[in-house]
Structures are given as C-alpha cells and as structure tokens.
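Quick note, the sequences are listed as chains G, C, Y, E, F and S, same order. Residue numbering for the first sequence follows UniProt numbering, beginning at 1 and increasing consecutively. Residue numbering for the second sequence follows UniProt numbering, beginning at 1 and increasing consecutively. Residue numbering for the third sequence follows UniProt numbering, beginning at 1 and increasing consecutively. Residue numbering for the fourth sequence follows UniProt numbering, beginning at 1 and increasing consecutively. Residue numbering for the fifth sequence follows UniProt numbering, beginning at 1 and increasing consecutively. Residue numbering for the sixth sequence follows UniProt numbering, beginning at 1 and increasing consecutively.
Note that these hints are calculated values from the structure, not bench results. Be aware that a few hints might be false.
Residues on chain F that point at chain C, a partial pick, calculated with CB under 7 Å [stated by the list, open to error]:
| hint | residue |
| --- | --- |
| 1 | T23 |
| 2 | S87 |
| 3 | K111 |
| 4 | G169 |
| 5 | I170 |
| 6 | A171 |
| 7 | D173 |
| 8 | H186 |
| 9 | A187 |
| 10 | S188 |
| 11 | D252 |
| 12 | T255 |
Bear in mind the structure is a predicted one, so any value in this text is a computation, not a measurement. Idealized CB from N, CA, C, for every residue including glycine.
There are 6 protein chains.
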Amino acid sequence: MGSFKDPSKSSKEPYSYEYFNVTFPSEYVAHVEINRPEKLNAFIEVMWLNLGAIFTRLSHDPNVRAVLLTGAGPRAFTAGLDVQAASQSGVLGDSSDGSEQDIARKSLYIKRHIEEFQACVTAIEKCEKPVVAAMHGHTYGLGLDIALCADMRVAAATTSFSIKEVDIGIAADIGVLTRLPKVTGHASFAKEIALTARMFTPAEALNAGLLSYVLPTKDEAVAKGLELCKLVASKSPVAVVGTKELVNYSRDRPTEEGLKYTSVWNMGMIQTEDVKRALMSGLQKRKPTFEKL
Amino acid sequence: MGSFKDPSKSSKEPYSYEYFNVTFPSEYVAHVEINRPEKLNAFIEVMWLNLGAIFTRLSHDPNVRAVLLTGAGPRAFTAGLDVQAASQSGVLGDSSDGSEQDIARKSLYIKRHIEEFQACVTAIEKCEKPVVAAMHGHTYGLGLDIALCADMRVAAATTSFSIKEVDIGIAADIGVLTRLPKVTGHASFAKEIALTARMFTPAEALNAGLLSYVLPTKDEAVAKGLELCKLVASKSPVAVVGTKELVNYSRDRPTEEGLKYTSVWNMGMIQTEDVKRALMSGLQKRKPTFEKL
Amino acid sequence: MGSFKDPSKSSKEPYSYEYFNVTFPSEYVAHVEINRPEKLNAFIEVMWLNLGAIFTRLSHDPNVRAVLLTGAGPRAFTAGLDVQAASQSGVLGDSSDGSEQDIARKSLYIKRHIEEFQACVTAIEKCEKPVVAAMHGHTYGLGLDIALCADMRVAAATTSFSIKEVDIGIAADIGVLTRLPKVTGHASFAKEIALTARMFTPAEALNAGLLSYVLPTKDEAVAKGLELCKLVASKSPVAVVGTKELVNYSRDRPTEEGLKYTSVWNMGMIQTEDVKRALMSGLQKRKPTFEKL
Amino acid sequence: MGSFKDPSKSSKEPYSYEYFNVTFPSEYVAHVEINRPEKLNAFIEVMWLNLGAIFTRLSHDPNVRAVLLTGAGPRAFTAGLDVQAASQSGVLGDSSDGSEQDIARKSLYIKRHIEEFQACVTAIEKCEKPVVAAMHGHTYGLGLDIALCADMRVAAATTSFSIKEVDIGIAADIGVLTRLPKVTGHASFAKEIALTARMFTPAEALNAGLLSYVLPTKDEAVAKGLELCKLVASKSPVAVVGTKELVNYSRDRPTEEGLKYTSVWNMGMIQTEDVKRALMSGLQKRKPTFEKL
Amino acid sequence: MGSFKDPSKSSKEPYSYEYFNVTFPSEYVAHVEINRPEKLNAFIEVMWLNLGAIFTRLSHDPNVRAVLLTGAGPRAFTAGLDVQAASQSGVLGDSSDGSEQDIARKSLYIKRHIEEFQACVTAIEKCEKPVVAAMHGHTYGLGLDIALCADMRVAAATTSFSIKEVDIGIAADIGVLTRLPKVTGHASFAKEIALTARMFTPAEALNAGLLSYVLPTKDEAVAKGLELCKLVASKSPVAVVGTKELVNYSRDRPTEEGLKYTSVWNMGMIQTEDVKRALMSGLQKRKPTFEKL
Amino acid sequence: MGSFKDPSKSSKEPYSYEYFNVTFPSEYVAHVEINRPEKLNAFIEVMWLNLGAIFTRLSHDPNVRAVLLTGAGPRAFTAGLDVQAASQSGVLGDSSDGSEQDIARKSLYIKRHIEEFQACVTAIEKCEKPVVAAMHGHTYGLGLDIALCADMRVAAATTSFSIKEVDIGIAADIGVLTRLPKVTGHASFAKEIALTARMFTPAEALNAGLLSYVLPTKDEAVAKGLELCKLVASKSPVAVVGTKELVNYSRDRPTEEGLKYTSVWNMGMIQTEDVKRALMSGLQKRKPTFEKL
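Let's have the full structure, built from the sequences with the hints guiding it.
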C-alpha cells in the first residue's frame with residue numbers, strides 16, 4: 001500500500017529545545033539561535049545534545065531549505081565550552097580523585113564522550129540543507145568547531161575569534177583542527193591560530209577565506225546571513241541538497257572519486273521535475289516554485 | 001563532581017526489546033536471540049531498529065565482554081527481510097501509486113531509509129565487544145548482512161545460505177556486498193554467490209573463510225558460539241576491545257595507517273592495570289580477573 | 001526530442017574483431033573467444049586493442065547480461081604476450097639501438113603505452129555486465145592479467161598457470177600484481193607465484209580462491225562457464241549490474257565508503273520496475289522477464 | 001630493429017575540429033579557441049566531444065609544451081551548456097514523454113552520459129602539458145567546469161562568472177563542485193557561489209585564488225595567457241610535465257603518498273639529458289634547447 | 001666525479017649483530033637466524049634494533065637477492081617478546097612506581113617507543129629483496145608480527161602459533177593486527193586467533209593462506225625456505241624487486257592507484273638490460289646472469 | 001626497574017652539527033641557523049643529513065617546545081641545493097660517464113637517494129614541536145621544500161622566492177610540489193610558480209597564505225619568528241604537540257578520519273595534569289608552568 005513516505009514529514013511538534021530558539025523568519029528558512037546569553041552562550045552538555053538534535057531534525061524537515069545559526073544577546077556567538085561546568089563534571093578528563101581509576105578504562109569512557117560530542121557538532125555539517133553561521137562578539141573554542149561545520153560564514157566587525165583550547169591544556173577535539181585546513185588555504189595562519197590560541201579579527205578571517213562577508217554590526221551580520229538563506233531557499237531544493245553533498249564529499253577525496261560519486265548521485269537526481277520547472281520559469285521570466293523536500 | 005563516569009554504567013533496566021530475547025548465559029556474555037520463529041525470524045522494521053538499539057547498548061555495557069547472536073526456533077537464523085511486509089510499506093522502493101512522486105525526492109527519502117537501516121546492522125560491527133554469530137537453517141539476504149558484521153561465525157551443518165537480493169530485483173544494500181570482499185579472500189566464489197543468488201553450504205562457507213567452525217546441529221553450533229564467547233570474556237576487556245578495533249581499522253586501510261593508529265591507540269591503553277594483573281596471574285598460574293569496562 | 005536514449009542501443013553492426021570470435025550462445029549471453037590458436041592465443045597489439053573495444057561495447061549492449069571469455073583451440077586460454085613480436089616492436093622497453101634516446105622521453109612513451117595496454121584489459125573489469133573466464137591449457141602472464149579482471153573464473157583440470165613476467169626480466173605491469181591480493185586471501189601463495197614465476201595447478205588456484213570450479217576438460221569448463229552466464233542472465237539486469245559495481249567498489253575502499261556509495265547507488269536503482277516484476281513472479285512461481293538494459 | 005616510438009609523433013594531420021580553432025601562435029604553444037561566438041560559445045554535444053579529442057591529442061603532441069584556451073568573440077569565454085539544445089535532446093534528464101521509461105535504466109543511461117561528458121572535460125586536466133585558460137565575458141556553468149581543469153587561469157576585468165547549475169534545478173556534475181575545493185582555499189566563498197548561483201567578479205575570483213591575474217581587457221588577458229604559455233614552453237618539457245603531474249597527484253593525496261610517488265617518478269626522469277643541457281646553458285648564460293616530448 | 005654510486009655498495013664489513021647469525025648459504029641468498037635459543041629466541045630490545053638494522057642493510061646489499069629468516073635451536077622460531085625483561089624495563093607500560101608520571105607524557109614516550117619497535121619489524125617488509133620465513137616450534141606474539149612481514153612463509157609441522165598479546169592484557173601493537181587481514185582472507189579465523197590467543201596449528205595456518213608449505217621437520221622447512229630463496233635469487237633482481245614493491249603497494253590501495261603506480265614504476269625499470277638478457281637466455285635455453293643490484 | 005623513561009631525556013651532549021648553529025635563545029625555544037653564508041647557505045649532502053638529525057633530535061628533546069629556523073648572513077635563507085656540488089657528485093642523475101650503467105639499477109639507486117633526502121627534510125614536519133621558519137634574501141628551490149615543512153612562516157620584505165627546479169631540468173622532488181597545494185589554497189598561483197620557476201615576492205606569498213607575516217628586515221622577521229616561538233613555548237606542550245599532530249593528520253585525510261583519530265589521540269592526552277594547571281592558572285590570573293615533554 002501507498003507511496004513511500006519520509007517519516008519526518010509527519011512531525012508537527014514545535015522545535016522547543018532548552019537553550020535554543022528555533023524560528024522560521026522566512027519561507028523555508030529556519031533560524032537557530034543559541035540562547036544562554038547570560039553566560040555568553042557558553043555550552044553545557046544539554047546544549048550540544050540539543051544542537052545535534054535540532055540539526056538532525058532540520059536536515060529532514062520538508063519546510064526547511066536553509067538554516068541560519070546565530071547567538072543570542074549582544075556579546076557572543078558563543079564563548080565556547082562552559083569550562084567551569086565541564087571541569088566539575090569531569091568532561092575535561094581532569095578529576096581530582098580520578099587517580100584510582102584505570103587509565104585505559106577512563107580513556108575509553110572519554111573516547112565515547114568525545115565521539116558523542118563530535119557527532120552533535122557534525123550534525124550541522126551533515127544537515128542536508130545549507131547552514132549559514134552569522135557570528136558576533138566572543139566566538140571562541142567550541143564556537144569555531146561549530147562555525148566551521150556551517151557552509152557559509154559571515155561575521156560582525158566586532159567579532160573576536162580564538163581557538164582557545166591550547167590555553168586550557170588540550171588539543172581541540174571537537175573538530176576545529178580537522179576542519180581548519182579544509183576551510184582555509186592559508187596554512188601558516190591556520191597553524192598560528194591553532195598553536196597560539198591568539199585572538200584574531202574578522203578581517204583576518206575574511207582574508208583567510210574563513211568568512212564570506214564582514215558586516216559592521218551584529219544586526220547587519222544576521223541580516224546578511226538571512227539574505228543568503230533566503231536566496232538559497234529560493235532555489236530547487238534538489239539542486240541545493242546535491243550541491244552541498246557533492247562539495248563536501250569532493251573536498252575530502254581525490255578528484256576521480258568526487259567525479260564518480262557525482263555521476264552516481266546525479267543519475268537519479270537529474271530526473272527531478274525541478275529541472276523542467278526551473279527551465280520553464282527561466283523562459284517565462286518568473287520565479288519557480290518547487291515541491292517540498 | 002569527581003571521577004569521570006561512563007553514563008552507560010548506571011543503566012539497570014532490563015533488555016526488553018520486541019522480537020528479541022537478550023539473556024546472560026555466562027559471566028560477561030550476552031546472548032541475543034532473534035525471536036520471530038513463526039516467520040523464520042524474518043525482519044520487519046521494528047526489528048532492525050531494535051537490533052541496532054540492542055548492540056549500541058551492549059557496546060558500552062560494563063557487564064558485557066562478548067555477545068552471542070542466534071535465531072530462535074529450529075528453522076532459521078533469519079530468512080532475511082520480510083519481503084511481503086516490506087513491499088507493502090514501500091520500503092523496497094516499489095509502490096503501486098508512487099508514480100506521481102518526484103523521482104529525486106523519492107530517491108532522497110529512500111537514501112535516508114537505507115542509511116538508517118545500514119546503521120542498525122553496522123551497530124553490530126561497531127559494538128566494542130566481539131560478537132559471535134551462530135547460525136542454522138535459513139540464513140538469507142539480511143541474514144548475511146548481519147552475520148558479516150559479527151567478528152566470528154559458526155554454523156550448523158544444516159544451514160543454507162543465500163544472498164537473495166538479486167532474486168528480488170535489487171543489489172543488496174545493507175552491507176553484504178561491501179563486507180563480502182573483506183571477510184573472504186575467495187573473490188570468484190564471492191562474486192558467484194552475490195551475482196547468482198544461489199544457495200551455498202556451510203562447507204563452502206567454511207572453505208571460503210566465512211566461518212570458523214561447522215557443527216552438526218544447531219545446538220552444537222550455539223554451544224560452540226557460547227564457548228568462544230566465554231573464552232573471549234575471560235580475557236582482559238581492554239585487550240579484547242583494542243584487538244577488535246585495531247583489526248577492523250586496519251582491514252580497511254593501508255598498512256602504514258594501521259600501524260600509526262595502533263601506536264596512538266595503545267599509547268594510553270597499554271597503561272592499563274590489566275597488564276600487571278595478567279602478568280601476575282601468569283606467574284602465579286591462576287586465572288586473572290579484570291575490572292569492568 | 002523525447003525520452004533519453006542510450007546511444008549504444010542503436011548499434012546493429014556485427015561484432016567482428018580480428019583474432020576474436022564473438023557469438024551469442026544463449027539469450028543475453030555473449031561469448032568472446034580469443035582466436036589465435038596457432039600461436040597459443042598469444043597477444044599482439046591489435047589483439048589487446050580489440051579486447052578493449054569488445055568489452056567496452058558489450059558493457060552497454062542491451063542484448064548482453066553476462067559474458068563468457070574463453071580461448072580457441074585445445075592448447076591454451078592464452079600463453080600471454082607474444083614476446084617475440086613485442087620485443088621486435090620495442091614494447092618491452094628493450095631495443096638494441098635505443099641508447100641514443102633520452103631516458104626520460106622514452107620513459108614517458110612507455111608509460112603512455114602501458115596505460116593504454118592496462119586500459120584495454122581493465123575494460124573487462126569495467127564492463128557493466130559480469131564476465132566469466134573459462135580457462136584451459138596454457139594460461140600465462142597476460143592470461144592472468146585478463147582472467148583476474150573477470151568476475152568469476154572456472155578452469156579445466158589441464159590448465160597450467162604461471163605469472164611469467166619475472167622470467168623475462170620485468171615486473172608484471174598490466175594488472176596481475178595489483179589484482180592478485182584482491183582476488184585471493186592467500187598472501188604467501190600469491191607472493192610465491194608472483195616472485196618465482198613457477199607453474200601452478202588448477203587445484204592450487206581453487207584452494208587459493210582464484211577459481212570457483214575446476215572441471216575435467218576444456219569442454220566441461222566452458223559449459224560450466226556458460227551455465228554461470230545463463231544463470232546470471234536470467235536475473236534482473238538492474239540488480240546484477242548494481243551487484244558487480246558495488247562489490248568492486250567496496251573491495252577497494254573502507255567499509256564506510258562502500259556503505260555510503262551503496263545507498264546513493266540504490267536510492268535511484270531500487271525504484272526499478274524489476275522489483276515489482278521479480279516479486280510478482282516469485283508469488284506466481286514463474287520466471288520473471290526484465291526489460292533490456 | 002628500432003627504438004621505441006611514440007605513435008603520436010607520426011601524426012601530421014591538421015587540428016580541425018568543428019567549433020574550435022586550434023593554432024600555434026608560438027613555438028611549442030598551442031592555442032585552442034572555443035568558436036561558436038554567435039551562441040556565446042555555448043556547448044552542444046559535438047563540442048565537448050571535440051574538446052576531449054583535442055586535449056587528448058595535444059597531450060602527446062611533441063610540438064606542444066603549453067596550451068592556451070580562450071573563447072572566440074567579444075562576449076563570452078563560454079556561457080556554458082547550451083541549455084535549450086540540451087533540454088531537447090534529453091541530456092538534462094528531463095523529458096516530456098519519459099515517464100514510461102524505467103527509472104533505473106534511465107539512471108544508468110544518464111550515468112554513462114555524465115561520465116562521458118566528465119571525461120571530455122577531464123582531458124584538459126589529464127593533458128600532460130600545462131593549460132592556461134584566459135577568460136572574458138560570460139563564463140558560466142560548464143565554463144567553470146572547464147576553467148577549473150586548467151593549470152593557470154587569467155581573466156579580463158569584464159568577465160562575469162557564475163556556477164549556474166542550481167538555477168536550472170541540478171547540482172553541477174561535470175566537475176566544478178569536485179574541483180572547487182581543490183582550487184580555492186576560501187571555503188565559505190566556494191560554497192556561496194556554488195549554492196546561490198550568484199554572479200561573481202574577477203576581483204573576487206582573484207582574491208579566492210581562482211585566478212593568477214586580472215587584466216583590463218580580453219586582449220590583454222589573452223596576451224597574458226600567451227606570455228605564460230611561452231614561458232612554460234621555454235623550459236625543459238620533462239621538468240614541466242613532471243611538475244604538473246606531481247602537483248596534481250599530491251593535491252589529491254596524503255603527503256606521504258605524494259612523496260613516494262615523486263621519488264618513483266623522478267628515479268627515471270632525472271636521468272634526462274635536459275638536466276645537463278639546462279645546467280650547461282645556465283653556466284654559459286644562454287637559452288637552453290630541449291628535445292621534443 | 002662520475003657515475004652515481006649507491007653508498008651501500010662499498011660496505012665490506014661483516015654482518016655481525018648480537019643474537020643473530022647472518023650467513024650466505026648460496027649465491028645472492030642471505031640467511032638470518034634469530035639466535036637466543038636458550039630463551040626460545042625471545043626478543044629483548046637490542047634484538048629488535050638489530051633485526052631492523054640487518055634488514056635495512058640487506059635491502060640495499062648488492063650481494064643479496066633473497067633472504068631466509070629462521071630461529072636457532074630445536075624449540076622455537078621465537079617465543080615472542082621476552083615478557084619478563086620487558087616488564088622490568090617498563091616497555092609494557094606497566095610500572096609499579098609510575099603513578100607519579102603524567103599520563104599524557106608517559107603516553108607520548110610509549111608512542112615513540114612503539115613506533116621505533118614497529119619500524120624495526122617493518123624493515124622486513126620494506127626490505128627491497130623478498131624474505132622467506134621458515135618457522136618451527138614456538139612462534140608466538142612478536143613471532144607472528146615478524147612472520148607476517150615476510151613475503152613467503154613455510155613452517156614445520158611441529159610449529160605452534162599463537163597471537164599471545166591478549167593474554168598479557170594488551171592489543172598486539174607491533175603489526176600483527178594490521179597485517180593479519182591482509183595476509184589471510186579467512187576473516188572469522190583471523191578474528192578468532194587474535195581475540196582468543198588460542199594456539200593454532202600449521203594445518204590451520206596453511207588452510208587460511210598464512211603459509212605456502214608445511215614440512216614435517218624444522219630441517220625440511222628450512223630447506224624448503226632456502227629452495228624458495230634460491231629460486232627467487234636466480235631471477236632478474238630488477239623484476240623481483242619490482243614485483244615485491246608492486247604487490248605490497250597494490251594490496252593496500254584501490255585498483256586504479258595500483259595500476260597508476262605500476263606504470264610509473266615500470267616506465268623506467270622496463271628499460272633494464274635484464275629484459276634482453278632474459279629473452280636471449282630463453283632463446284638459448286641457458287640460465288641468464290644479471291648484474292648486481 | 002621502574003617508571004618508563006624516554007631515552008632522549010638523558011642526552012646532554014651539545015647540538016654541534018657542521019654548517020648549523022643550534023642555540024637556545026629563550027626557555028624551551030631552540031634556534032636552528034643554516035650556516036654556510038659564504039655560499040648563500042646552499043646545501044651540500046652533509047647539510048641535509050645534519051638538518052634531519054637536528055630536527056629528529058629536537059623532536060624528543062624535553063627542553064624544546066618550539067623551534068625557530070633561519071639562515072645565517074645577510075643574503076639568503078638558503079639558495080637551495082648547491083647545484084655545482086650536486087652535479088659533480090652525480091646526485092642530479094646526470095653523469096658524464098654514466099651511460100654504461102643499467103638504467104633500472106641507476107633508477108633504484110636514485111630512488112633510495114631521493115627518499116633519504118626527502119626524509120631529512122620531512123624531519124621538520126615530523127618534529128613533534130612546532131617549527132617557525134623566518135626567511136630573508138634568496139629562498140630558492142630546496143629553501144621552499146624546507147620552509148613548507150615548517151608550521152608557520154614569516155619573511156623579510158627583502159626575501160625573493162623561487163621554485164627553481166624546472167630551470168635545471170627537473171621536477172622538484174624533495175617535497176615542495178607535494179606540500180604546495182596543502183599550504184596554499186591559491187591553486188592557479190601555485191601552479192604558476194611551480195611551472196614557471198619565476199621569482200615571487202613576500203607580498204604574493206602572504207596573499208597566497210604561504211606566510212603569516214612580512215616584516216621589513218631580516219632582523220625583524222627573525223624577531224617575529226622568535227616571538228611566535230616564545231608564545232607557543234609558553235603553552236602546555238601536551239596541547240601544542242597534539243595540535244600540530246592533529247592539524248597535520250587531518251589536512252591529509254577525510255573529515256571523518258580526522259575526527260576519529262582525534263578522539264583516540266585525546267582519550268589519553270586529555271588526562272594530562274596540564275589541564276588542571278592551565279585551569280588553575282587561569283582562575284588565579286597567573287602564568288602556568290608545565291612539566292617537560
């Protein structure tokens with residue numbers, strides 16, 4: 001019986017997740033706001049779990065074609081991990097009475113924990129629909145892990161960036177060191193900010209290819225992010241989802257592998273009705289509309 | 001506050017999952033029995049979701065060091081996907097009234113579905129603790145997808161195997177085609193059973209390296225599987241978990257990558273107390289005991 | 001204007017290629033016979049060019065679902081490269097008066113030549129439809145390069161195999177050394193036959209997984225090969241083509257890559273009518289028929 | 001009997017290919033001009049087949065050491081695929097009466113088609129001799145697929161770039177999405193132009209590393225491209241061919257793989273006479289000459 | 001001034017390394033005997049350093065074309081690591097008073113140590129000339145790490161094998177877990193012996209493809225190994241070195257990568273005089289001789 | 001008996017290596033100065049051997065946390081290979097009387113030589129502690145091979161760069177062609193400087209991401225390099241060593257591989273005392289001190 005149905009389609013419940021506001025400012029555009037401004041949007045465990053849950057759900061939500069990610073309040077996109085909370089919970093691997101625990105067992109528990117944490121952040125990268133991060137203020141540590149998973153990045157001129165982890169005695173492990181060489185071709189700069197934990201400016205980030213635009217204020221940065229989202233949301237979602245997937249896939253693999261995967265991806269996708277609609281609209285000089293995805 | 005705790009440790013709730021019996025026949029050994037014998041243990045959707053959930057949980061369960069996987073009843077390990085049920089739900093991509101759906105959208109829904117299905121089966125391979133599949137009777141299609149994710153395989157002489165998918169018009173997509181060349185070095189045989197969907201015998205499977213042992217009856221096969229589990233469960237869990245991980249990792253990658261990962265894995269793991277306990281027990285000719293993991 | 005057409009469909013010209021007989025012994029089965037029996041089917045340049053052309057064409061021929069590859073005459077599948085001819089043409093890199101040529105230039109010319117030669121043989125592996133090699137008599141050097149590109153291999157008991165290249169002073173470069181570790185899991189045996197150039201028997205080849213079956217005579221080997229081809233040709237070509245592609249792809253890559261490619265391959269393929277036809281035929285206990293591919 | 005000869009050396013026939021002008025403006029420099037100016041050099045099928053044929057032949061032509069690629073007429077390098085022609089021929093997967101075709105079969109035909117199309121464009125990247133693209137005017141869609149295969153890129157200030165495919169409902173599949181992350185390290189910019197299909201300027205392209213130079217006019221851009229070609233053509237072709245190959249190889253693979261391949265490449269190449277000639281010319285302060293390759 | 005010289009050629013000093021006998025039982029054949037029979041040839045640190053030094057030197061020794069590796073005395077090839085010595089030196093990561101050391105620092109020291117140890121054993125695999133391991137008696141732990149680096153393996157029927165590491169609380173880290181899936185295609189057996197540390201017999205090892213031959217006694221196994229070495233040593237060293245390199249390279253990489261590397265390797269190598277000598281000798285029915293390498 | 005000791009810790013002998021000055025200008029900072037200013041710091045064989053030895057030793061030296069690399073004298077970082085010396089020793093593969101040598105044997109000797117040379121330069125990249133190259137004056141050929149192995153690069157405005165190798169008839173083989181696409185995202189520029197051997201300026205190098213800073217004079221460049229070293233040396237060495245390792249590892253591999261390796265690396269490393277010290281110092285607003293590594 002019946003045509004194949006995507007299970008996500010039936011979900012009608014609102015997006016309510018602690019420490020996040022999820023709104024829909026425009027057709028097919030979702031806006032995810034990190035919302036713990038009194039702590040500079042610093043992350044505690046429930047937040048990264050929620051972050052992962054939100055983007056996993058947005059990925060398949062047929063009402064979503066692009067996602068804007070911002071931080072609440074005037075001061076920070078996010079100051080990163082809430083280190084104080086983390087050190088109390090043992091998340092940092094540092095524990096005052098941990099000495100009696102077997103090192104190997106503790107290592108495995110930590111590994112499981114890092115992997116779960118990574119998976120929550122990677123959910124942004126795996127979200128089928130493109131994500132635009134619009135940053136301002138403190139954007140430290142985990143803030144960069146998160147931003148580098150987005151597809152496009154814009155920032156207010158007032159943003160201050162830093163890969164903070166070295167300053168708390170650890171090599172960053174939620175993804176920034178892995179993704180950094182893939183989102184900037186300025187290797188000397190990348191190593192410098194990773195190894196020194198120094199602050200860097202939006203101008204430097206723009207120059208290194210980490211950003212698409214720098215805007216004077218947070219409001220303008222968020223508006224620019226929204227504009228990009230709207231533009232993406234106006235396109236065929238089949239084309240957009242495929243484009244994100246193919247660029248991400250190819251970035252990580254040899255050219256021949258990318259081309260091979262592309263042909264297999266498109267052998268079915270190109271049969272979409274969207275091509276006909278897009279071509280017809282082009283001829284008729286009107287804006288095409290596309291079915292949900 | 002205090003030492004790092006693995007969240008899974010606190011779980012006390014019983015393993016109750018529809019269509020599965022999960023028991024603990026021996027210290028540190030779990031036994032997962034596929035339990036839909038009236039339908040030859042054929043899988044419907046809730047079953048593969050439960051399969052994934054069970055192995056994901058066993059992976060981190062400190063009371064588990066080895067897992068035995070079998071099928072209930074005298075007739076089948078599992079006859080594979082319940083094709084009748086699947087064709088009704090549209091899972092096979094075949095739907096009587098699906099023609100009005102856009103091909104690209106339907107493709108993406110199917111892709112999401114295959115990936116979820118694959119992930120449930122891959123949970124067996126990702127389970128940190130070794131898994132032994134003890135098979136008997138019909139072991140078709142999905143039955144092989146599942147069995148190839150186990151670490152060790154034994155079978156009753158009465159088992160009949162088949163990669164059935166070609167006979168229902170599809171290339172198998174839940175993993176058997178991917179894992180087949182990695183669990184047998186007999187490439188001509190592997191291609192033959194994949195391309196022809198012919199039945200093959202335990203003797204052929206043994207010869208091709210797909211099995212470790214063939215036993216006369218189901219009971220003996222299950223007993224042999226349990227014996228292997230007990231043996232593994234008597235070893236240091238740190239050593240066992242590491243061994244599974246390193247073999248799986250290296251199987252898929254160049255030698256130098258395997259060696260590099262090995263040294264990074266062991267730089268911490270080798271600091272375990274288990275080494276001291278194992279060495280001491282060896283000197284004292286007694287059976288060592290190891291902390292939970 | 002109209003539906004997308006595969007260009008190969010329109011070709012009606014007969015398969016006539018020097019030194020090869022191409023026949024169609026059964027519906028959807030092509031039989032390619034290497035035909036230079038007076039020289040033990042040894043290859044000269046036109047032959048490997050023709051070999052490549054034939055398999056490239058069979059790959060897209062809608063009347064072909066499986067291919068049998070054999071050697072004409074009672075004495076050889078193929079004795080390999082016609083070394084005498086090759087050494088006269090300079091193909092082996094050996095030339096009596098070549099000293100005046102610049103080494104780098106000569107190297108590049110040789111490289112282009114090896115790559116062209118490899119591509120002709122690889123055409124068998126790239127042929128979308130499965131290929132069965134049925135061997136007998138001398139099967140040396142290039143004979144193994146070719147046979148290892150097939151999907152299934154059977155041989156007469158009278159076959160004698162040898163990777164001859166070491167005996168003429170070169171490391172085999174048309175593929176046997178690359179494919180050998182991928183078609184047998186007996187590494188010590190593989191190295192031995194590659195390094196010593198010794199003859200080996202069908203029994204040894206069977207044991208090492210290089211063969212699916214050994215038959216007493218050439219006729220029986222060819223008949224077995226044909227039987228396998230007919231069996232494959234009776235299945236859904238969509239399922240068969242996908243199965244060959246997915247096994248070959250996965251053999252060469254990590255498990256996760258194989259699974260990912262599989263889901264993208266099947267998201268479109270599984271929408272084929274063949275599933276419905278196969279299921280219906282199964283219910284009605286009759287042989288399904290499938291559209292050409 | 002004879003030293004090894006490269007077959008391409010004997011070819012004397014002129015380069016005459018429909019829709020292309022191939023000239024030799026300077027010693028060892030070929031100039032390929034896309035020539036369908038009345039249609040903004042938009043591509044129809046015969047053109048990409050010819051493009052592939054031309055570069056495959058230039059690759060081995062001993063009279064060629066560098067290739068300049070430009071578009072005829074004042075208005076466009078190329079406006080990309082001739083979408084009107086393509087949609088009529090069914091190339092885009094969109095066909096008004098295609099509904100009766102089996103999706104899987106149509107998918108495979110499309111896959112074969114995409115792969116053939118990709119191969120024609122990849123011929124530029126695989127051309128042993130370096131290629132310089134000098135662009136002006138409309139450079140859309142396929143124009144970027146092509147330009148990203150070149151080794152060096154220059155553009156007139158009047159060039160307008162766009163990855164158009166999203167606007168016709170498809171993810172670009174002839175290579176631009178695969179090569180984009182490999183030719184620019186500005187990931188946010190790359191995703192933006194791929195996902196939004198917006199126009200971008202030569203200045204943006206220069207900043208993102210897609211271009212080496214921006215010149216005021218088409219003539220100056222072409223002159224700059226020719227200057228680069230002449231400079232490359234004045235060097236040892238052994239050194240030049242090796243340099244292109246090693247950079248392309250290494251770009252796609254881990255550092256250790258690149259170093260290993262480099263040593264095997266150069267173990268023979270470095271024995272060339274060109275080293276002696278280059279060193280001697282250096283000492284004697286004169287321009288070296290090198291044998292053809 | 002003059003032709004390029006391989007530095008290793010000038011070395012005339014004898015191969016004297018503590019705990020090893022290095023002899024030359026036949027032209028171009030070296031015999032390395034592990035010589036600490038009173039301790040079952042168990043390894044202490046100086047031994048693996050010497051093992052690495054010996055094979056690194058043999059690799060470039062022009063008087064060597066094949067290497068036989070055996071264990072002295074009647075009882076063991078090698079019983080593996082001398083665990084008693086290792087635990088005293090802290091090599092196993094286990095130390096009674098290590099608790100005051102920082103875990104991360106200790107981890108890095110251990111990593112450096114494992115990598116050095118791995119490199120010594122990998123020297124066998126990297127030795128340009130083929131290596132035959134002829135085993136007898138106890139062949140445990142490190143014994144298998146070493147044997148799996150050899151190209152061919154033979155054993156006496158009295159050999160007893162075991163991957164012992166799990167029994168001392170660690171995952172084996174000197175290479176056996178990495179190489180095991182690459183030298184046998186019997187995955188279930190491989191996992192079983194790795195996870196259970198059980199003894200296995202030469203018959204099982206032969207069946208799984210770990211061995212080429214099983215001989216009744218140590219003397220016969222050594223004689224068979226020597227016979228294989230002599231056979232290899234009678235071939236063109238250019239062909240032999242290339243064959244080992246190409247099989248090892250391809251085993252670890254996709255088919256296309258293997259073919260590409262092969263063509264680049266042979267573009268120079270095939271220009272060797274050995275081809276002419278081998279062909280001439282073939283015509284003249286006499287044994288060819290080849291220059292040193 | 002006792003805790004595991006890193007062997008490098010006991011070395012007290014001074015760093016005295018011909019043609020290099022190794023000093024310690026600041027706590028935990030080593031300064032390596034290439035010292036053959038009368039020859040523009042051009043390299044002869046003993047120099048690259050010494051370079052490798054120095055960095056291999058610095059890598060494990062517990063008194064070193066960052067390394068500055070500069071060239072002595074006012075005129076050059078290094079003019080690269082001393083071509084005159086190299087051509088006399090046959091290193092360039094060019095030898096006046098080499099014609100009687102077998103090409104394959106000579107190729108293998110050259111391969112061994114290139115690999116040894118590469119390994120010496122790669123020692124900089126493999127050095128666990130970060131390396132800053134501060135360049136001035138002539139920085140040609142090998143100078144860039146070396147500089148691209150450093151983690152951060154600064155240069156005086158007077159520096160002139162060139163990848164010279166094409167001008168002496170060879171494709172650069174000591175690493176620059178492999179690393180170039182990994183340290184700059186400006187592909188067109190990278191190909192241009194590699195293929196044309198033209199001089200390029202610090203401004204161009206800065207723009208392409210090859211440099212972090214350009215300073216007016218050599219002294220200022222060296223001072224800036226030292227400042228970066230001091231900053232890195234003030235951080236936790238556990239965090240710094242991990243950061244370098246994880247960026248380098250991830251740069252060369254897919255994102256998922258990078259994340260996986262990261263979690264395994266940090267499962268042990270994060271247990272370091274340095275986290276506690278860093279956090280405590282942060283709270284107390286004082287500079288942390290860390291144990292040696």
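Status of each hint after checking the structure:
1. T23: With Cβ-Cβ at 30 Å, over 7 Å, it is violated.
2. S87: holds, 6 Å
3. K111: holds, 4 Å
4. G169: holds, 4 Å
5. I170: Result: holds, 5 Å to nearest chain C Cβ.
6. A171: holds, 3 Å
7. D173: Since the shortest Cβ distance to chain C is 4 Å, the answer is holds.
8. H186: At 3 Å from the nearest chain C Cβ, F:H186 passes the 7 Å test, so the hint holds.
9. A187: At about 4 Å, which falls below the 7 Å cut-off, the nearest Cβ of chain C leaves the hint on F:A187 intact, so it holds.
10. S188: Hint holds; F:S188 Cβ to chain C Cβ min 4 Å, cut 7 Å.
11. D252: holds, 4 Å
12. T255: Given a least distance of 12 Å, the restraint on F:T255 is violated.
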